[in-house]
Amino acid sequence: MSSHPAIQKTADFLDRVFLGIKNTVQNFILLIGDMTLFGAQSLRLLFTQPYRYGEVLKHMEFIGNQSVGIITLTSIFTGLALSFQVYLGFKLVNAVNLVGPTVALGITRELGPVLTGLIVAARAGGAMAARLGTMRVNEQMDALDVMGVNTKQYLIAPRIIAAVLCMPLLTALFDFMAMVGCWFLCIKIVGLDDAVFYEKIAQTVEVYHINEGLFKSAIFGLMFAVICTYKGFNTSGGAKGVGEATNRGVVISMVSIIIIDYFLMNLIRIYYLMAGIGR
Amino acid sequence: MATNYKGEFAIQLTDIKKSFDGGKDFILKGIDLKIPKGSLTAIIGFSGTGKSVMLKHILGLYKPTSGKVEILGQDLSLFNSDQLTQFRCNYGVLFQSAALFDDMTVLENVSFPLEEHRRHLKKEQVTQIAYEKLKMVGLDPKHYEKLPSQISGGMQKRTGLARALALDPEILIYDEPTTGLDPILTEMVDNLILETHKAHQGTTSVMVSHDLGAAFRIADFIVMLDAGKVLLSGTAEDFFKSDIELVKKFVGKGMKH
Chain A
1 MSSHPAIQKT ADFLDRVFLG IKNTVQNFIL LIGDMTLFGA QSLRLLFTQP
51 YRYGEVLKHM EFIGNQSVGI ITLTSIFTGL ALSFQVYLGF KLVNAVNLVG
101 PTVALGITRE LGPVLTGLIV AARAGGAMAA RLGTMRVNEQ MDALDVMGVN
151 TKQYLIAPRI IAAVLCMPLL TALFDFMAMV GCWFLCIKIV GLDDAVFYEK
201 IAQTVEVYHI NEGLFKSAIF GLMFAVICTY KGFNTSGGAK GVGEATNRGV
251 VISMVSIIII DYFLMNLIRI YYLMAGIGR
Chain B
1 MATNYKGEFA IQLTDIKKSF DGGKDFILKG IDLKIPKGSL TAIIGFSGTG
51 KSVMLKHILG LYKPTSGKVE ILGQDLSLFN SDQLTQFRCN YGVLFQSAAL
101 FDDMTVLENV SFPLEEHRRH LKKEQVTQIA YEKLKMVGLD PKHYEKLPSQ
151 ISGGMQKRTG LARALALDPE ILIYDEPTTG LDPILTEMVD NLILETHKAH
201 QGTTSVMVSH DLGAAFRIAD FIVMLDAGKV LLSGTAEDFF KSDIELVKKF
251 VGKGMKH
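Read top to bottom, the protein sequences are chains A and B. Residues in the first sequence are numbered from 1 upward in steps of one, following this note's numbering. Residues in the second sequence are numbered from 1 upward in steps of one, following this note's numbering.
It is possible that part of the hints are untrue.
As the list claims (entries may be wrong) - Cross-link-like lysine-lysine pairs, in silico, PhoX-like; alpha carbons within 25 Å at most:
id, chain 1, residue 1, chain 2, residue 2
1, A, K58, B, K146
2, A, K58, B, K63
3, B, K34, B, K229
4, A, K188, A, K200
5, B, K146, B, K123
6, B, K56, A, K152
7, B, K34, B, K142
8, B, K229, A, K152
9, A, K58, B, K198
10, B, K146, B, K198
11, B, K56, A, K240
12, B, K63, B, K34
As the list claims (entries may be wrong) - From chain A, some residues computed to sit far from chain B (all C-beta separations above 10 Å):
id, residue
13, L31
14, A95
15, V146
The hints are simulated quantities; they were obtained by calculation from the structure and are not laboratory data. What you are looking at is a predicted structure, and each value in this text was computed from that prediction instead of being measured. For every residue, glycine included, the Cβ atom is placed at its ideal position computed from N, Cα and C.
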């Protein structure tokens, strides 16, 4: 029995659409699985001999120490801009005394870890993907392989662990400097009372709020380091391939940080409810 | 390899087949190859005949779809990845691009394998050995503290060879060592390979090359690949006497250069 041509055409079209969706979802799941395995294998190797703690320190210097300047600069201006917008809003409802605690909660729990993650993923993650990609296309990784050096242990694991360790430190710096920006705007520019500013923050912000942000930042560090090293490690196709790997590594890392942040936020909220923490 | 050869073989490939697309298309279509211990063997062939893929099987970087790879009497398929990594200390490889680590100096490049695998050695001993290897390949000490980007292509090849020799490997592999080099540099690298082989008696050297002239001049044995199979293997004389059309064509072209 032959169907109407228009129905057949629609059926073919839907067939192609669903096949495309199926392939995309399948490839996405495979990629996530592959990256997870890649990260887990690399981290396992960190605890097998020969230990690469010197390499970890070297990468911590690059990811952490060399990001201090950019984090300081961006965090101060983030604090200034955010505080001003919150001040303008709260002024309408006569609640300007709450600018400090509102900004502090927003920074420590959300903006601090997320913006630090985005900045460090772009700077250090991009550099990781480009460096590893270049090593791959220039046969330097093959050279390590045939020298009997485990490339994942030597190149990947130290970078991942360095990112995980550095991200909470950089986030703490971001939080502090953003609050310096907030203080400057509230006290020095719009002339709020500094005693009230401090008191309201002390009343509102708890240690677990700060820890929440630091915990999330470590997860973001793990994510961008695994994604960028994975992309760099699996580069092919010469200079063009290096460019693509770097681009994809950074873009996937940034998008993932923003998406995962939402789910982490909810998971942490559920944990607080179950543990009876917070209000 | 040489049918009348009765000694040990360093490398034995038995019916190696390799496909990257689940068996639709085979790059290697049943390679049988035996490379005698202590020989200098050249693997030649046109581009796309499977030379590099075969080399990666010898190095254990690829696993064959079917067949057996035995290196120094050990079946590579029986190794797990950690054992394979350790086993690779038996190799020294000079890559086409030299593949030097660009963030390390010449001396650090040569010291690196020693620091990785001779951990009992003191820093001074490592440096001493690295100096000896660099001297052996004829690199002037004034270049030892330079980065690879600060030295010429020929010097990079010398450094790459010194690094390949650092662990005194049993198998030395040269992956298209003269591709893209000018004739003078090509001759220099060929002579370096020959001198290194003579200076390291017992080491098995395998050179993958397009350069037939060099293969005839320096190799003990020559293997020619075509379409994923061994077309002919033997001495230079066997190649000159061969009636195979493709061999005659290749020999003719090789001798013109």
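Hints versus structure:
{"no.": "1", "hint": "A/K58 <-> B/K146", "verdict": "holds, 21 Å"}
{"no.": "2", "hint": "A/K58 <-> B/K63", "verdict": "violated, 34 Å"}
{"no.": "3", "hint": "B/K34 <-> B/K229", "verdict": "holds, 14 Å"}
{"no.": "4", "hint": "A/K188 <-> A/K200", "verdict": "holds, 17 Å"}
{"no.": "5", "hint": "B/K146 <-> B/K123", "verdict": "holds, 19 Å"}
{"no.": "6", "hint": "B/K56 <-> A/K152", "verdict": "holds, 19 Å"}
{"no.": "7", "hint": "B/K34 <-> B/K142", "verdict": "violated, 42 Å"}
{"no.": "8", "hint": "B/K229 <-> A/K152", "verdict": "violated, 34 Å"}
{"no.": "9", "hint": "A/K58 <-> B/K198", "verdict": "violated, 41 Å"}
{"no.": "10", "hint": "B/K146 <-> B/K198", "verdict": "violated, 29 Å"}
{"no.": "11", "hint": "B/K56 <-> A/K240", "verdict": "holds, 24 Å"}
{"no.": "12", "hint": "B/K63 <-> B/K34", "verdict": "holds, 18 Å"}
{"no.": "13", "hint": "L31", "verdict": "holds, 20 Å"}
{"no.": "14", "hint": "A95", "verdict": "holds, 54 Å"}
{"no.": "15", "hint": "V146", "verdict": "violated, 5 Å"}
When held up to the earlier numbered hints, the structure conflicts with 2, 7, 8, 9, 10, 15 and fits the remainder.
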